[in-house]
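Numbering-wise, the sequence shown is residues 13 to 445 according to my numbering.
It is possible that part of the hints are untrue.
[Unchecked claim] Below, simulated DSS-like cross-link-like pairs (lysine-lysine); rule was C-alpha separation at most 30 Å, straight line: (1) K257 <-> K269; (2) K348 <-> K257; (3) K132 <-> K187; (4) K129 <-> K87; (5) K132 <-> K87; (6) K187 <-> K257.
For the record, the hints were derived by calculation from the structure and aren't laboratory data.
Here the structure is a predicted model, which is why all the values come from computation and not from measurement.
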Amino acid sequence: MTIRAGWATVEITPPVGTDMGGYWARPGASVGVHDPLRGSVLLFEADGQRVAVISVDLVGLDAEHADAMRRSIAKEIDTTAASLLLCSTHTHSGPLTLSFRGMGDMPSAYLDSLTPKLIKAARQAALRLEPCQLSTSTAETSLAINRRAKRSGSLRDGRDPATLVPPAAHALDVKTSSGRAVLVHYACHPVVLGGSNQLISAEWPGVAMRHIEASASVDMAMFVNGACGDLNPQWGNADFDTVEKAGVLVGEAVVAKLSSGQPVNGTGLAATYERIDLPLLDPPSSLRTATGASLDALKLAIKKAAFSQDQSLRRVPQARLAWARELLSLADDASKVQPFAVHGIRIGDLRLLGLEGEIFARYQIDLEASQPQVWLCGYTGGCIGYVPTADEYPRGGYEIDDAYKVYPSVLMVAPESEALVVEAMQRALRSLS
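Given these sequences and hints, build the entire structure.
What follows is the structure, given as structure tokens:
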């Protein structure tokens, strides 16, 4: 059984003036484009079955939108939605494609344009299917740091903070008689640029992919992020020169190891998909107090922002107020849970698991220690917000105490979620075997 592969890419850069996603306190909408955004499709076929990895240079997608996109694309290339791994790179310098509170207006026309563009790329990939040679390589690189470990600067569970970072980038090298594509997996937030940036950019992953293409005669390099919920680049609030440095650091590491890649064993393809329910933490004991505090902050912010062009002065308290009001509406709903999807595909003996959230690094570290040839991808399909491991909750911090107020979810997932996610990942791996 021979595996065939085809690929294509399409530009998905939004119009200037589009509100941007990723930072709560950005001063305004985009004012220009530094570098284009891409949507990339890598399609595989064997014995009548097709699976694909689709990467988009976006901060994330709402689950409903992502599911609709997958269904539409799958229909056009004669496969199932479960066979498509749709991954956002999580750039914080792209359009507002996930319904964060307080970041501006969702660009509905732009969102509507994504599906036909990705369908076009998927069709092109299907037309280019050819027998392929597949190999994987691992390249150690030092871009990512554990931002929560850095904040505390202390040992956790007797481990140095440096051990809380997956150390390697992974690459799948795909060669056909017509060309070469490389799929790169690495866990690190694309946040070299801070919230003051108003230029559209694919951030350091875009630089890394362009570097791989230029340095290794690669027709298309595409990126999927890993479990980077608590991982940042070692440089932050920086400029585009630093973005270039960060991207080249990863790109050079990947290129250096491509020639020593190991062949992918096996010839079959498989896919799996499961949606589970995660429990939520109880709401604050005094909802009225939370709402009142947000309302007072909003009134004060409106006074301060009356003569300012800085939209963050209004957006942050407006977002907090919107969250508090939604929280009040849930007060009598004790059964509230958070739906959460676990995606998976297999290409030979390489397995990719996709989770729809900002997954903490410990999930990936533990998985890689126990399972060879498994890549754990975050921001796959939708994005529910941060999914910490249970041991992180007592430490609190932004990811646990505040971020859920920005995301569409109203309450934070509970510590018991870790066991449910791990069990679902193990079921997915068994299904793919």
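Right, here's what the structure says about each hint:
no., hint, verdict
1, K257 <-> K269, "holds, 19 Å"
2, K348 <-> K257, "violated, 44 Å"
3, K132 <-> K187, "holds, 22 Å"
4, K129 <-> K87, "holds, 14 Å"
5, K132 <-> K87, "holds, 12 Å"
6, K187 <-> K257, "holds, 28 Å"
The structure fails hint 2 only (numbered hints given earlier).
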